[in-house]
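**Q** Use these hints to put chain B onto chain A, whose structure you have.
Listed here are the chains, written in short residue letters.
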Amino acid sequence: MLHIGPNNPAKAFHAFYLGIAVSTLCFTQNAFSSSLNMTEGVTSVSKEIYSLHMNIFWWCVAIGVVVFGVMFYTMIAHRKEHGAKASNFHESTFLEVLWTLIPFVILIAMAVPATSSLVKIYDTEEADIDILITGYQWKWKYEYLGEDLSFFSNLSTPNNEIYNRLEKNPNYLLEVDNPLVIPTGKKVRFLLTSNDVIHSWWIPDFAVKKDAIPGFINEAWTIVDAPGIFRGQCAELCGKNHGFMPIVVEVKPENEFNQWLSEQKAVAAKLEELNSTTFTFEDLVTRGEQVYLNNCAACHQANGKGVPGAFPSIAGSKIATGALSDHLNIVIFGSQKNPAMQAFGAQLSEADLAAVITYQRNAFGNNMGDSVQPKEILAFKQNNK
Amino acid sequence: MSHGPAKGIGRWLFTTNHKDIGTLYLWFSFSMFFIGGFFALVIRAELFEPGLQIVEPEFFNQMTTLHGLIMVFGAVMPAFVGLANWMIPIMIGAPDMALPRMNNWSFWILPFAFAILLSTLFMEGGGPNFGWTFYAPLSTTYAPPSVTFFIFAIHIMGASSIMGAINIIATILNMRAPGMTLMKMPLFVWTWLITAYLLIAVMPVLAAVVTMMLMDIHFGTSFFDAAGGGDPVLFQHVFWFFGHPEVYIMILPAFGIISAIIPTFARKPLFGYASMVYATASIALLSFIVWAHHMFTVGIPLVGELFFMYATMLIAVPTGVKVFNWVTTMFRGSLTFETPMLFAVAFVILFTIGGFSGLMLAIAPADFQYHDTYFVVAHFHYVLVPGAIFSITAGVYYWLPKWTGHMYNELMGKTHFWLAFIGLNLTFFPMHFVGLAGMPRRIPDYALQFADFNMISSCGAFLFGAAQVVFLFNVVRTIFSKSKASAEVWEKPTGLEWQLPSPAPYHTFTKPPVIQ
Chain A
1 MLHIGPNNPA KAFHAFYLGI AVSTLCFTQN AFSSSLNMTE GVTSVSKEIY SLHMNIFWWC
61 VAIGVVVFGV MFYTMIAHRK EHGAKASNFH ESTFLEVLWT LIPFVILIAM AVPATSSLVK
121 IYDTEEADID ILITGYQWKW KYEYLGEDLS FFSNLSTPNN EIYNRLEKNP NYLLEVDNPL
181 VIPTGKKVRF LLTSNDVIHS WWIPDFAVKK DAIPGFINEA WTIVDAPGIF RGQCAELCGK
241 NHGFMPIVVE VKPENEFNQW LSEQKAVAAK LEELNSTTFT FEDLVTRGEQ VYLNNCAACH
301 QANGKGVPGA FPSIAGSKIA TGALSDHLNI VIFGSQKNPA MQAFGAQLSE ADLAAVITYQ
361 RNAFGNNMGD SVQPKEILAF KQNNK
Chain B
1 MSHGPAKGIG RWLFTTNHKD IGTLYLWFSF SMFFIGGFFA LVIRAELFEP GLQIVEPEFF
61 NQMTTLHGLI MVFGAVMPAF VGLANWMIPI MIGAPDMALP RMNNWSFWIL PFAFAILLST
121 LFMEGGGPNF GWTFYAPLST TYAPPSVTFF IFAIHIMGAS SIMGAINIIA TILNMRAPGM
181 TLMKMPLFVW TWLITAYLLI AVMPVLAAVV TMMLMDIHFG TSFFDAAGGG DPVLFQHVFW
241 FFGHPEVYIM ILPAFGIISA IIPTFARKPL FGYASMVYAT ASIALLSFIV WAHHMFTVGI
301 PLVGELFFMY ATMLIAVPTG VKVFNWVTTM FRGSLTFETP MLFAVAFVIL FTIGGFSGLM
361 LAIAPADFQY HDTYFVVAHF HYVLVPGAIF SITAGVYYWL PKWTGHMYNE LMGKTHFWLA
421 FIGLNLTFFP MHFVGLAGMP RRIPDYALQF ADFNMISSCG AFLFGAAQVV FLFNVVRTIF
481 SKSKASAEVW EKPTGLEWQL PSPAPYHTFT KPPVIQ
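Residue numbers (our numbering), protein chains in the order written: chain A, 1 to 385; chain B, 1 to 516.
Honestly, the hints are just simulated from the structure, not real lab data. Do not rely on the hints blindly, as some may be mistaken.
What the hints assert, rightly or not - Cβ-Cβ distance ranges computed for the label pairs, FRET-style:
no. : chain 1 : residue 1 : chain 2 : residue 2 : range
1   : A       : Pro-113   : B       : Pro-301   : 16 to 24 Å
2   : A       : Lys-186   : B       : Pro-301   : 24 to 32 Å
3   : A       : Ala-346   : B       : Phe-219   : 27 to 35 Å
Stated by the list, open to error - Derived pair list, reagent style DSSO-like, types lysine-lysine, alpha-carbon separation capped at 30 Å:
no. : chain 1 : residue 1 : chain 2 : residue 2
4   : B       : Lys-484   : A       : Lys-80
5   : B       : Lys-7     : A       : Lys-80
6   : A       : Lys-85    : B       : Lys-484
7   : A       : Lys-85    : B       : Lys-184
8   : A       : Lys-168   : A       : Lys-240
9   : A       : Lys-252   : A       : Lys-270
10  : A       : Lys-80    : B       : Lys-492
11  : A       : Lys-80    : B       : Lys-184
12  : A       : Lys-265   : A       : Lys-187
13  : A       : Lys-385   : A       : Lys-375
14  : B       : Lys-492   : A       : Lys-85
15  : A       : Lys-141   : A       : Lys-385
16  : A       : Lys-85    : B       : Lys-414
17  : B       : Lys-414   : A       : Lys-80
18  : B       : Lys-7     : B       : Lys-414
Said to hold, decoys possible - According to the in silico footprint, chain B covers these stretches of chain A (three or more CB under 8 Å from chain B):
no. : region
19  : 97-104
20  : 108-117
21  : 166-178
22  : 209-222
Backbone N, C-alpha and C fix where the C-beta goes; we use that ideal spot for every residue, glycine too.
Next comes chain A alone, as it looks inside the complex:
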């Protein structure tokens, strides 16, 4: 690039595109390197899509070589400073027809395999497992249909890493508390919807990307043959924390999956039992602290002080130090004024709601001394529907 100067632009162009050509070469040399090219993925669909992608990429390279080749040739050979005299030709029906027909034929060659892949991707019939995926601002809910199991999946990267106070771990922003777990070798159908705005569920290694739309259900499917952990992100702008709602899928062999499923069900049954238990004050506060860190601290902060101007403080707040019913109301049904404060009534169990509300009223120097039991939460929900 040292030769770039105002008087030899063609050479500079040349040098620049030599650079691009070299990087293109690297690009294909490292076709499997995930930092430069599309992942080949782990499913038959993702591999088909990868080959469609490479196929059309090479067509583009070939067309580019011809077109830019002619262009650079003329920019070097037909320069006025080298005495080139201009011709006067300016029409050729033959050429126009030729360069209309050739691209048309190439397009057909590309459309045929694309069509067959698309037909395959759209075949969501005869699934072995159905999972309902619901997008929330800003987390995912996974529900195993017919299995009586559902849970939320939140970003687990600590705020301290996001705000550069701690060193970032290798899975920075691509890690969650509860990954989705699916078995190998089974056709898993994803039913996608949303609780609020449009989200988009995407795992590059499965080549599954489908929008989660409030009020509608979309379908997608995958079959993964080998176990592994696969990561993706929400792909549709969904508000403030759009960049902070990753997706992690853990693929397990069928027997491990079944074991996981029964464990999770046992845990869920235990949690359900808790909803009718009466807790001691200390148990509520201890449990509440964990619930708070998982669900509230992203906005209200671990110290309960919030972020001035954006997220209200819980320490000393009117609600957390005021009437219990107002506190229950905002946590269970959300805020009317501020959609960022979601309704947690359907997201957390009664036990967790009781625990976190008790915690908030007694932590951060709030010292209200009162508490609320799961049964009271249930009653409040039913009375205020």
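**A** Structure of chain B alone, referenced to chain A:
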């Protein structure tokens, strides 16, 4: 016969002169270009490395939204209207635009529209934060209160564009000099004629979609709310029915500019004039039946998916014809590379690269991987920055001596070009890689594997920004320069504008020129 402009600020407020209004549009667009560019640099500064450093996600989303809106509606579209105002009456041998008073009005409502839009940044809850495509319900139920001002601003911009388009059509169809038949018009006039029809067809659709939002937000309707019987996807259909022709609105006049510049510096007539006209018209017609290729992942049925995939791929044919014609125009010419030609050549190359990635995006199954990633960001910036911005820049350098009567500084022009060219490629080429590797668009923070390329992109963006300062300086310097430009400016260029003295007198072609 010829009298000069009025004195003082009144000249600009009350002017009905197409050259004055063209100048107003161009300066307005230039200032919006810097504001939108500043927003882009805020984005790139935040994305310089992983983690949140400079802005919070909430403000980041306002920056991405306003960057897009300002660049599309404030920088690119008014610049093309400005060039149309200046050049179309001259190119067809008319004394002025057909509807001069409406011309004044269509310009002067624009600053108000953008003042309203920018003022939302200072409102409670911040400015629009839902992306320039403002998908419902993020832009309705979940929008900040300032969305109402955003809707009003869009309405004003739409009214301005429709008036501008009506004026251009009326001018071209009624005011051509005797002998200036349609198939003798310069391509810039042709491409603008077709663009103006696109504007009239789709700006009302944009107005409709923002009005439906207004209704949903304030008057209890549920166009985009499933709970009330509506459909969030309806928003996308209506928006992209506007949005896809809109992207051609931003590129067709560019084709016209490039088709004027390449023949001049190749010293050879444009190759395939008639096929260029037909290709432009085909692209415009196709633009109405491809909108759902922006929505391949919303779950449209298989047959719909196939239809939009095939229709989208077809666009490659007339677009290819254009590129082949430009290359053949250059072929066996007598080429020189003054600044306008450098920008024009870069346009052809980089726009073609943007076209390639567009073709890749058209393949619906592959789009499932590309959609909403930086690959898309790379694609439309390769189409719009070298496409719209480079062609406008090329046009400004090409006609600036005609407008001002002075020659710009060639060395500075070339410096501008090389800085912009390198900056642009550094900024946007790596975005292909991070997009393919899986980086979603519109995120304020990203996983560690995307770090290196994002840093390169951010450096490139600041270089590109610096290049535009050189541009501004060169333009201002030209206006106050002492060097006189000749009437022809270039070597035997074709077109009526070169028969006028430089600078072009305040009133031109009050008697129609003779066209052979």
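**Q** Take a quick look at whether A:Lys-168 and A:Lys-240 sit within 30 Å of each other, Cα to Cα.
**A** holds, 21 Å
**Q** With a cut-off of 30 Å on the C-alpha distance, tell me whether B:Lys-414 and A:Lys-80 pass.
**A** Holds, because 18 Å separates the two Cα atoms, which is no more than 30 Å.
**Q** Would you check the hint for A:Lys-85 and B:Lys-184, treating anything up to 30 Å between C-alpha atoms as holding?
**A** holds, 26 Å
**Q** Checking one constraint from the list: CA of B:Lys-7 to CA of A:Lys-80, max 30 Å. Satisfied?
**A** With Cα atoms ~45 Å apart, B:Lys-7 and A:Lys-80 exceed 30 Å; violated.
**Q** Per the coverage rule (Cβ-Cβ under 8 Å, at least three residues), is the region 209-222 of chain A covered by chain B?
**A** Holds, because 9 residues of the region 209-222 of chain A bring their Cβ atoms closer than 8 Å to Cβ atoms of chain B.
**Q** Within a Cα-Cα threshold of 30 Å, do A:Lys-141 and A:Lys-385 meet the stated pairing?
**A** holds, 23 Å
**Q** Quickly compare the C-alpha distance for A:Lys-385 and A:Lys-375 to 30 Å and report which way the hint goes.
**A** Roughly 16 Å between the alpha carbons, so the hint for A:Lys-385 and A:Lys-375 holds.
**Q** Honestly, do A:Pro-113 and B:Pro-301 meet the 16 to 24 Å range at C-beta?
**A** holds, 20 Å
**Q** Need the status of pair B:Lys-492, A:Lys-85: alpha-carbon distance at most 30 Å?
**A** holds, 14 Å
**Q** Given the hint that A:Lys-85 pairs with B:Lys-484, does the C-alpha gap stay at or below 30 Å?
**A** Holds, at about 28 Å.
**Q** So does A:Ala-346 sit 27 to 35 Å from B:Phe-219, Cβ to Cβ?
**A** holds, 29 Å
**Q** Can you confirm whether the C-alpha distance between B:Lys-7 and B:Lys-414 stays at or below 30 Å?
**A** It is violated: about 35 Å lies between the C-alpha atoms, which goes past 30 Å.
Going through the hint list in order, the structure does not satisfy hints 5 and 18.
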